[in-house]
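**Q** Residues per chain are reported as follows:
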Amino acid sequence: MNLSLAFQLMAQPDVNFALILPEVIVSIAGVLVMMVDAFSRRADQRWATGGLSLAGLLGAAGACLWLWSGGAGERVTAFNGMVVLDRLRLSFTLVFIIVSALTVLISMIWVERERLPAGEFHSLLLFATAGMMLMASGGDLVIVFLGLEVLSIATYVMAGFRRTDTRSNESSLKYFILGSFSSAFLLYGIALVYGGTAVNTPGGISAGTTNISEIAARLDDGMYPPLIFAGAAMMLVGFGFKIATAPFHVWTPDVYEGAPTPVTAFMAAGPKAAGFAAFMRVFLFAFPFAVAATGTATSAQVHAAWLGALSVIAILTMTVGNVVALVQRNVKRMLAYSSIAHAGYALVGFVAAGATGDATQQSDAVAAVVFYLLAYALMNLGAFAVVTMIARGGDRRTEIEDYYGIGFRAPVLSFALSIFLLSLLGVPLTAGFMGKVVVFREALSQGFASGNQLLVALVVIGVLNTAVSVYYYLGLIVAMFFRERTTEWSAPRVPASISVTLALTVLGVFYLGIFPGRVIDAFRSVQTTAVTRLK
Amino acid sequence: MIPLSWYLALSAVLFTIGAAGVIIKRNAISMFMCIELMLNAVNLTFVAFSSHFNDVTGQLFVFIVMAVAASEAAVGLGIIIAIFRNRESLDVDEASILKL
Amino acid sequence: MLELTSVFLFMLFGGMAVGCALSMIVQRNPLYSAISLVGVFVSLACLYVTLAAPFIAAVQVIVYAGAIMVLVVFVIMLLNVETEVRRPLRLRYLIPVAAGLSFVLIAQVFFMLFFVGPVSSAPSNVGLTASIGAGLFTEYILPFEITSVLILMAIVGAMTLARRAADIPLAARSADSSGAAGSPFTDPINDSRISGSRPGLTEIVGREMAARAIERLESRTGRGQGEET
Amino acid sequence: MQQYLLTILILLPVAGAIALAAHGLVAPYRRESHYRWIALGFTIATFALSLLLLSGGIGEDATGAFKFVQNVPWIGAIGAGYHVGVDGISLWLVLLTTLLMPIAILSSWNAVEKRSLAYYASLLILEGAMIGVFVALDLLVFYLFFEASLVPMFFLIGVWGGQNRVYAAVKFFIYTAVGSLLMLAGIIALYFIHAQQVGFGTFDYVTLFEALREGRMTIGARPEFWLFLAFAIAFAIKVPLFPFHTWLPDAHTEAPTAGSVILAGVLLKMGTYGLLRFNFALFPGMSRYFAPLMITLAVIGIIYGALVAMVQPDVKRLVAYSSVSHMGFVMLGLFSFTEQGMQGALYQMLNHGVSTGALFLLVGMIYERRHTRMIADFGGLAKPMPLFATFIVFASLSSVGLPLLNGFVGEFLIMLGMWNSGFDYAWIATMLAATGVIWAAVYMLWMLQRVLFGRVTNAHNARLPDLNAREIGLLAPLLALMLLMGAYPQPFLNRSRGSVEQVRVRVAAPHTGGTFTAGVDKSSNVTGDR
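Taken in sequence, the protein lines are chains U, Z, F and H. In terms of our numbering, the numbers along the first sequence are unbroken and rise by one, the last being 629. In terms of our numbering, the numbers along the second sequence are unbroken and rise by one, the last being 1165. In terms of our numbering, the numbers along the third sequence are unbroken and rise by one, the last being 525. In terms of our numbering, the numbers along the fourth sequence are unbroken and rise by one, the last being 532.
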């Protein structure tokens, strides 16, 4: 046996680095950061690695915009369909880059303050970013899975980065155990779908596939439809763990509370958005709305099943997140529950995207979700930047009592935090409000157009939950401005990198809140081109 | 030859045992081993499908999964060592600052 | 018709796998669990051989049984991990999830047993090293390369986490502890900016070594007492 | 200029807030007194600019059309536009806002020592948001300003308020925020109804109004029921109408003086303004359907507010409950659906802003001197503080509705309108409301008697300094307005007639609606010859 067989099997590898340029740039930057770190003196390490990371991310953003402007030509897939260039990917990639850049800015002062190895932290962050990008760009489940693993493994380490702190260790351990647990579910789902999509052709059994668009094409002819159902259910559980939807959210508060605050900021914004990217990529494109199929066809049944399950999950997620947040006394825990609730709001947009067969409407809904996640990322990172400053050495001061009366003693920090909280709450003129409006609007317009009462109900529940959330967001503002402090406290000096972060996030929150049109239009046009390109 | 479904059933049983183990076990290393068992169950599914369909993709996937499992093992054991250094115990209930 | 030898082999290795898996979760000593898990891995490798996947079978033995489990056993021995104590079930809130899940899985098993798929065709050559190599470097070239990033990152991560705490300067820890103590709160940021207040390298190392020595001494005596009682 | 005037009016105070913040950041050796001068400068400039609105010819023709309109697309993706304009209804409310703002800032000249930067910045942002509410002609923009006005007020109460400020601030925020969420739901529903029937979704008030009037868009009875409720509850909380009023006494009592003045003077009017502008114009059928209920609640509010005010031991709380009573009158007038009633209601909104504003200022002044507001702590103040006594008597009489003062005009028109409204049992409502006037006289005069007259019972009160020039200066314009509005209401009413008439025709006519000129002949212009 025989070389000839090998040659016979050997398809031409479809290598095209142009299509994965952002991922390549970020990975190279990660390696460079490690090299620079190894050869630089300790004192300027933080600036060297931080600056290099920012440069790498900037380069990736440039590459992303280049792809966006059609720089790669008309090609939409590469590496034998492993990577797709559609604009779901590009818009998410931009969000990831923004999240990572802001995390680098927040962490620059933190790594010095805690005497942590800056180079390792920044290179792990860059690798995690590459992982997130891969999750959004994967045209094949193997890439989605690998991206998820790259992201997860980097995040496990980052969560445990303060090695001498037991809380950080435990957070890391919990994240690791439950993260790998959910990966196993996802993987089992992939395996079952791979088996379920085998097709009986006249020439014999044609093998199953893990290619997302292939899966969609084979749903109705698959030999073992029950396997597809089981696989989809398993993947739902796997992704549900990753984006912390109820009832798979139980790990979130512990992990978020224990992890170092800059890492928590990153985890709540980046991996969550990446989870959404992969989740939407897989479920919208592999199990799409079945236009022509009859109700008994597998594709229609799978679609109805996951959409129904997702709606229930969305309701649970919004409600659990908000209700449990009401009783939290720790700010990081409260923000963790709030992040669960926000995942629920974004899921409403996801359900809207799934409920339609119309390509334009679907891409509009996807754009709304991306916008929402971008808005959430900005306000969340900003809020955690402030929490980092207030918590100080060792992340000790994160109880609500630690915020009593700081309002006018640290005006910059507390006013910035108030803006972020109001935005999270959804007060007009902020990004949070606009995000909710666009997401709920998509859901309602689908609901009214198709007579789908479920979507309307989702929006109503979302609005009710917003009303509930008034209480706890306001509670923190009340603590900062209206309460008196009994213990001694001096305002922390705000270092330059944090000032920049706060300025960027505050401006971003107001920009997205007041002039969201340009950004939404950009995401939308992108989504539409994506759909037409892929057809 | 054995029908495909036997292998699938076997792997489902192994997966369930692994998942149950994660929930029952309270030692971090044992939990980690249960997760490895779950991954192996998935691998069995892949290999069974692959040889059934006469398609190499499933085995390639298994190869990737093994690499992932190895990386997870390295990082997971690193975490376990770090936590043991600080706490001298791997019992996830014991002295847990954060509730699980 | 089912070939008797294959049925026998399947029953043998499948039974071994399930038995070892059960033993793994029943054992209270992590070391025994680890050895049972090695048993599962080996049985699975044998099953891969019956599935005409010799390459994967070999890798299974080398990577899982050879590398990962050795690492696990090494860590267990290194850390002197204690035997588990039986206590009421942890993660209570997961019980409904678990119940639902196991129901689904058991239903799946039943479904699979009653739905007897067609018996596989003639022995294939997809499992051979050549075809896997060809696949890895054509179709799976990108995943293969991502794997390299993954492993690199895992090395960095494991190193970062498991490195001894000694290379963290003592100054950082004292800042931590003063933060915990509360008032008067010294701001570590401001402190760290005063370059004059930083101890020199020799001082750090010296203090650190002394601290480690004391720590070690204390922990040793502490543990000794614990064992006696 | 015409086109941008309103935008400038909204942004000028906000620019003032930004200037304050910049001053605070840039000048390291800052003096707190700079802030109040900056704030005063910006508010006076805003007031001066807002006077230009009078030159716009509003109310000179009968159409009541919007002037100073600016309409530009804002968020293309969801069809929201930035559309502002001013008509006879909003004209006076905008002017009231810009007038009260410098007064509010002057009133806190010495009262706010700490954190004055944030204080004045909050007031300025609040002013921008309030002007925005009154001129917004796009429902989404209206909602934005409606909510945005909440945040600075929340801070004003919570940071600079009295003892119980946290409770009051949170209650205020949650009540109004939850109410306005309902309105948001209604706004979005309107958007989709328009999208379904006309083909494109819009938040534009004028477009929606025209589509409804010309029958291009019809809202079914059941949706209209819910839509009316969604809007009406949001506004009723703001007014506040009887069962939703519980946040008001707390907020008023705990707020700093300037906050109370703005709250009573302007913020409450957002509710009645919203009802008049949106509920009546967009849901006329349901407005008629709900009128009996609303009238009942209004009458209950009038009497309840008055009775509770009577037993208050705290002057500020007394004035707060009198607001509940007065705003009941406004609601009564609005739901009479007659020209007199609605014009009277609009007029009463202004009156209430002026006279209750003045009362809160006076209470604030006495509080600054004595640090108490309990009626029992005072007595015989007329002797040491004759000027103060004069002013408070004057303002109280205006609030009570003494003829020749402004309160009388409004209340008389409202009761006349209600009497003529043609509702069954309208006379009962009118009679009951009239007793409200009597109760008002009782509680106000009783309060005056206990505070001002008699012997000086408390030694602290004997040496109190009388009002100083600043205080006289900030009260004088309000007193002048009371006299002017009481003696010569015609110019005020003329300006708003056309716009009110347009809404009235819509809401009083049968549901099919007609052109608004068709309705004019039906009602004689009683308004003029009072």
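It is worth saying that the hints were derived from the structure and are not from the lab. Cβ coordinates follow ideal geometry from the N, Cα and C atoms, glycine included. Fair warning: there could be bad hints in the mix.
Claimed, not checked - The calculated label-pair distances, taken between Cβ atoms and stated as ranges, are:
#1 486/H to 502/U: 40 to 46 Å
#2 1152/Z to 495/U: 24 to 30 Å
#3 164/U to 4/H: 57 to 63 Å
#4 454/U to 400/F: 33 to 39 Å
#5 6/H to 580/U: 46 to 52 Å
#6 27/H to 395/F: 44 to 50 Å
#7 24/H to 417/U: 38 to 44 Å
What the hints assert, rightly or not - Which chain U residues face chain Z? A few, computed with CB under 8 Å, are given here:
#8 295
#9 379
#10 453
#11 578
#12 588
**Q** Given a hinted range of 38 to 44 Å, is it respected by the beta-carbon distance of residue 24/H and residue 417/U?
**A** Between residue 24/H and residue 417/U, where Cβ atoms are some 42 Å apart, the hint holds.
**Q** A range of 33 to 39 Å was offered for this pair. Does it hold for the Cβ distance of residue 454/U and residue 400/F?
**A** 37 Å Cβ-Cβ, so the 33 to 39 Å window holds.
**Q** Should the hint that residue 295/U touches chain Z count as held when the rule is a Cβ pair under 8 Å?
**A** Result: violated, 11 Å to nearest chain Z Cβ.
**Q** Tell me if residue 453/U is really an interface residue toward chain Z, meaning its C-beta lies closer than 8 Å to one of theirs.
**A** Residue 453/U check fails; min Cβ-Cβ to chain Z is 29 Å, beyond 8 Å.
**Q** Please check whether residue 27/H and residue 395/F have a Cβ separation lying inside 44 to 50 Å.
**A** 59 Å, violated
**Q** Is the gap between the beta carbons of residue 164/U and residue 4/H within 57 to 63 Å?
**A** About 44 Å separates the Cβ atoms of residue 164/U and residue 4/H, which means 57 to 63 Å is violated.
**Q** Per the hint of 46 to 52 Å, is the separation of the Cβ atoms of residue 6/H and residue 580/U within bounds?
**A** 50 Å, holds
**Q** Quick check on residue 588/U please, does its C-beta sit within 8 Å of some C-beta on chain Z?
**A** 29 Å, violated
**Q** With respect to the beta-carbon atoms only, verify the hint that residue 486/H and residue 502/U lie 40 to 46 Å apart.
**A** With Cβ atoms ~42 Å apart, the hint holds.
**Q** Would the stated hint for residue 379/U survive a check requiring a Cβ distance to chain Z of less than 8 Å?
**A** At about 19 Å, which exceeds the 8 Å cut-off, the nearest Cβ of chain Z leaves the hint on residue 379/U violated.
**Q** Quick check on residue 578/U please, does its C-beta sit within 8 Å of some C-beta on chain Z?
**A** 30 Å, violated
**Q** Holds or violated: the 24 to 30 Å window for the beta-carbon distance between residue 1152/Z and residue 495/U?
**A** 27 Å, holds
Violated hints for the displayed structure, listed by number in ascending order: 3, 6, 8, 9, 10, 11 and 12.
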